[in-house]
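Visitor: In case you want the letters, here they are:
2 protein chains.
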Amino acid sequence: MPHHYELYYWPSIQGRGEFVRLALEEAGADYDDVARRDEKAMFRFLGDAKSATPPFAPPFLKSGRLLIAQTANILLFLGSRHRLAPASESGRLWAHQLQLTVTDVVAEVHDTHHPIATGLYYEDQKPEARRRAHDFLKERLPKFLGYFERVIIGNRKGKGHLVGSSITYVDLSLFQLIEGMRYAFPRGMKRAERDFPRVVALHDHVQKRPRIAAYLRSERRIPFNEDGIFRRYKELDI
Amino acid sequence: MPHHYELYYWPSIQGRGEFVRLALEEAGADYDDVARRDEKAMFRFLGDAKSATPPFAPPFLKSGRLLIAQTANILLFLGSRHRLAPASESGRLWAHQLQLTVTDVVAEVHDTHHPIATGLYYEDQKPEARRRAHDFLKERLPKFLGYFERVIIGNRKGKGHLVGSSITYVDLSLFQLIEGMRYAFPRGMKRAERDFPRVVALHDHVQKRPRIAAYLRSERRIPFNEDGIFRRYKELDI
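Sequence order for the protein chains is A and B.
My numbering puts the first residue of the first sequence at 3, with every later residue one more than the last.
My numbering puts the first residue of the second sequence at 3, with every later residue one more than the last.
The reader is advised that the hints may include incorrect statements.
The list treats identical chains as interchangeable, and a pair is accepted whether it falls inside one copy or across any two copies.
Listed below are the simulated DSBU-like cross-link pairs for lysine-lysine, each with C-alpha atoms no more than 30 Å apart in a straight line [claimed, not checked]:
#	residue 1	residue 2
1	Lys210	Lys128
2	Lys52	Lys192
3	Lys236	Lys128
4	Lys64	Lys128
5	Lys42	Lys192
6	Lys128	Lys140
7	Lys210	Lys161
8	Lys140	Lys64
9	Lys64	Lys236
10	Lys52	Lys42
11	Lys145	Lys128
12	Lys161	Lys64
13	Lys159	Lys145
14	Lys161	Lys52
If you are wondering where the hints come from, they were derived from the structure by calculation, not from laboratory data.
Please model the complete structure; the sequences and the hints are all you need to start from.
Guide: Shown next as structure tokens:
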């Protein structure tokens with residue numbers, strides 16, 4: 003019997019849930035994006051005082067009796083089940099290591115618009131956001147993209163992939179990172195991309211995968227917006 | 003033959019490496035904290051353009067041919083090898099999920115003194131640090147500690163542990179988080195702890211484990227200082 007999954011994530015943003023959605027889509031998995039039709043179901047899990055394995059925050063994935071949270075952890079699980087990661091221990095750890103570096107970038111992107119407090123509005127931390135975003139674009143983004151470029155070069159088994167000889171969840175996540183950065187920082191990203199042609203080529207390759215292409219055209223793909231992690235604020239993009 | 007490990011991390015701070023050191027110590031593992039006697043060896047790995055699995059940053063662990071980076075990933079690996087995590091898939095994922103939440107807290111603690119840019123000095127972002135630290139102590143810390151308290155309560159197999167019926171690397175990491183917070187924010191932490199007696203009891207339990215107690219007394223334990231993640235700046239602690 004094929005696996006059935008329930009994904010729980012904020013229904014109006016791509017956010018961290020999108021990294022999981024992309025893996026489920028590429029796997030051709032049977033999944034229900036529950037909160038998009040029933041947001042209260044998500045809050046029931048978050049508020050369930052009796053749960054033995056409560057999530058701290060969305061996204062979380064239900065698979066039979068398993069309830070798994072933390073984006074990279076969900077991908078670790080799906081990677082093994084759907085051949086979206088190497089089967090060997092060393093390969094699995096290497097893919098996961100890269101995913102945790104994507105996690106670090108995503109957290110830094112979030113903090114470009116929320117450098118002071120997650121609980122405050124962007125409007126209450128605009129000057130600080132400006133300073134942080136500029137540092138991110140100037141110092142951090144080239145460092146991270148340069149790292150992924152180097153990993154692609156160093157992967158002698160692959161044809162432009164990050165890990166091994168075929169697509170993994172890390173490739174999907176790097177695609178999403180590039181998509182998000184292009185949305186949030188069109189100017190800064192255009193400048194940064196020039197130096198990392200293999201990263202861009204991998205993005206393009208993922209975008210053309212038949213299941214990913216179909217997903218991106220579908221209504222299941224929520225458009226980027228200013229409630230998510232990747233937000234377009236013109237004043238931050240220099 | 004017992005495993006031998008080489009740990010690579012900044013030699014003058016606890017930092018993220020300390021979560022790995024505590025796991026190695028509790029496991030009674032044979033390890034060499036390489037950079038404490040030869041810092042250049044660490045930079046050789048970071049600068050090795052030929053490496054197929056380059057680390058983005060320390061800490062990283064060498065075990066035979068494996069080179070593993072990202073703190074939580076190293077602990078995932080050590081947890082399986084040294085029974086510092088459950089053997090079942092569901093248990094391993096649950097422990098790792100909690101560790102990734104510790105990772106999130108650690109990143110937020112780092113940003114209390116570096117809210118704008120990792121590459122700038124604390125002195126160049128003091129007003130912002132003050133705002134962020136106050137938000138962290140008021141909003142975020144109680145939320146995180148409350149979550150771990152709830153996890154301990156919900157763990158019916160354990161005697162005050164986070165996961166299962168015996169000690170895991172997550173318990174060790176929570177101990178380190180409490181130690182670090184007590185050093186960095188003695189006032190704020192004293193206030194916060196009152197509401198989370200099980201978290202404090204788990205900290206005390208870990209502190210008394212024979213191997214951990216011996217380690218904490220040894221010269222292998224680097225004292226906290228203002229170059230690490232947990233820094234004592236009086237003006238941030240209210």
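Visitor: Need the list of violated hint numbers for this structure, in ascending order.
Guide: Failing hints, ascending: 1, 4, 5, 8 and 9.
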